[in-house]
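Student: Residue-level listing of the chains:
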Amino acid sequence: KQEVTQIPAALSVPEGENLVLNCSFTDSAIYNLQWFRQDPGKGLTSLLLIQSSQREQTSGRLNASLDKSSGRSTLYIAASQPGDSATYLCAVTVNNAGNMLTFGGGTRLMVKP
Amino acid sequence: NAGVTQTPKFQVLKTGQSMTLQCAQDMNHNSMYWYRQDPGMGLRLIYYSASEGTTDKGEVPNGYNVSRLNKREFSLRLESAAPSQTSVYFCASTWTSGGGETQYFGPGTRLLVL
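Heads up: the protein sequence lines correspond to chains A and B, in order.
Start counting at 1 in the first sequence, then tack on 19, and there's your number in my numbering.
Start counting at 1 in the second sequence, then tack on 222, and there's your number in my numbering.
Because the hints were derived from the structure by calculation, they are not lab data.
No experiment lies behind these values; they were computed from the predicted model shown.
Warning: the hint list may mix true and false statements.
Claimed, not checked - Derived coverage of chain A by chain B (criterion: at least 3 residues anywhere in the stretch with Cβ under 8 Å from a Cβ of chain B; other residues may be distant): (1) 61-68; (2) 122-128.
As the list claims (entries may be wrong) - DEER-style ranges, computed between Cβ atoms: (3) SER306/B / ALA28/A: 33 to 43 Å; (4) SER273/B / THR45/A: 25 to 35 Å; (5) TRP317/B / SER78/A: 38 to 48 Å; (6) GLY238/B / GLY102/A: 38 to 48 Å; (7) TRP317/B / GLN100/A: 46 to 56 Å; (8) SER306/B / GLY60/A: 34 to 44 Å; (9) GLU36/A / GLY238/B: 48 to 58 Å; (10) GLU36/A / PRO261/B: 19 to 29 Å; (11) THR237/B / GLU36/A: 46 to 56 Å.
Where is the CB? At the ideal position from N, CA and C, for every residue including glycine.
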């Protein structure tokens, strides 16, 4: 059974700092990996999707990498801002599994002004 | 486009009561999903519908039933609510179940079972 773990569970940084969020998964037979953002009391918003054949994806100040063989992904946030404060979730899609997502527990990020 | 909408936003039930959570999407997506989110456990898949007319169990289907009413709507029913079903429920949709596209999520329904 696929298991997804995110470390740390919570992170507090001062504004302007570059930071890295970590995600690991136990079964390397994934179709893709996605990073989501969740604001308090809200739904999930997709940030980046990395196909299994790709090594990284970038969107603005966000960069996500994928090392499928080692079962790891990182989300790099450059020059963090208070507006980046949210919970970040990673999720993997298992091959031939109806596009079902298996989620990690999330990292709760607070960026202090 | 409204995207994925869910009703109600909040609900309080007594143990043993029944209710249906509604979900609709206007993106012409074929696949729809129901997840529940509990503190410290991330999101877990309850049921999904790869296409209109089909439904399949996810990781935690016990105590729930679903109906894919048409291409737009996918409902989740609790026949006899239990306190263990207190959670936040999210509906999601995507274009197909086999293409690995991103999923779009609704705002969630917060359910408290007393």
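Student: Could you run down the list of hints and mark each one as holding or not?
Tutor: So, going through the hints one by one against the coordinates:
Closer than 8 Å: that is the beta-carbon criterion, and the stretch 61-68 of chain A has 6 residues meeting it against chain B, so the requirement of 3 holds. Counting residues of the stretch 122-128 of chain A whose beta carbon lies closer than 8 Å to any beta carbon of chain B gives 4, which reaches the threshold of three, so the coverage claim holds. Roughly 23 Å separates the CB atoms of SER306/B and ALA28/A, a value that falls outside the hinted 33 to 43 Å. Against the hinted window of 25 to 35 Å, the Cβ-Cβ separation of SER273/B and THR45/A comes to about 30 Å, which satisfies the hint.
Here the CB-CB span from TRP317/B to SER78/A is close to 20 Å, at odds with the stated 38 to 48 Å. A hinted range of 38 to 48 Å holds for the C-beta pair GLY238/B and GLY102/A, which are about 44 Å apart. With their beta carbons about 32 Å apart, TRP317/B and GLN100/A fall outside the hinted range of 46 to 56 Å. At about 22 Å, the CB distance of SER306/B to GLY60/A disagrees with the hint of 34 to 44 Å.
Here the CB-CB span from GLU36/A to GLY238/B is close to 51 Å, well matched to the stated 48 to 58 Å. Between GLU36/A and PRO261/B the beta carbon distance is about 27 Å. The supplied range of 19 to 29 Å therefore holds. Checked against the hint of 46 to 56 Å, the pair THR237/B and GLU36/A passes, with Cβ atoms roughly 47 Å apart.
The structure fails to meet hints 3, 5, 7 and 8 from the earlier list, while all remaining hints are met.
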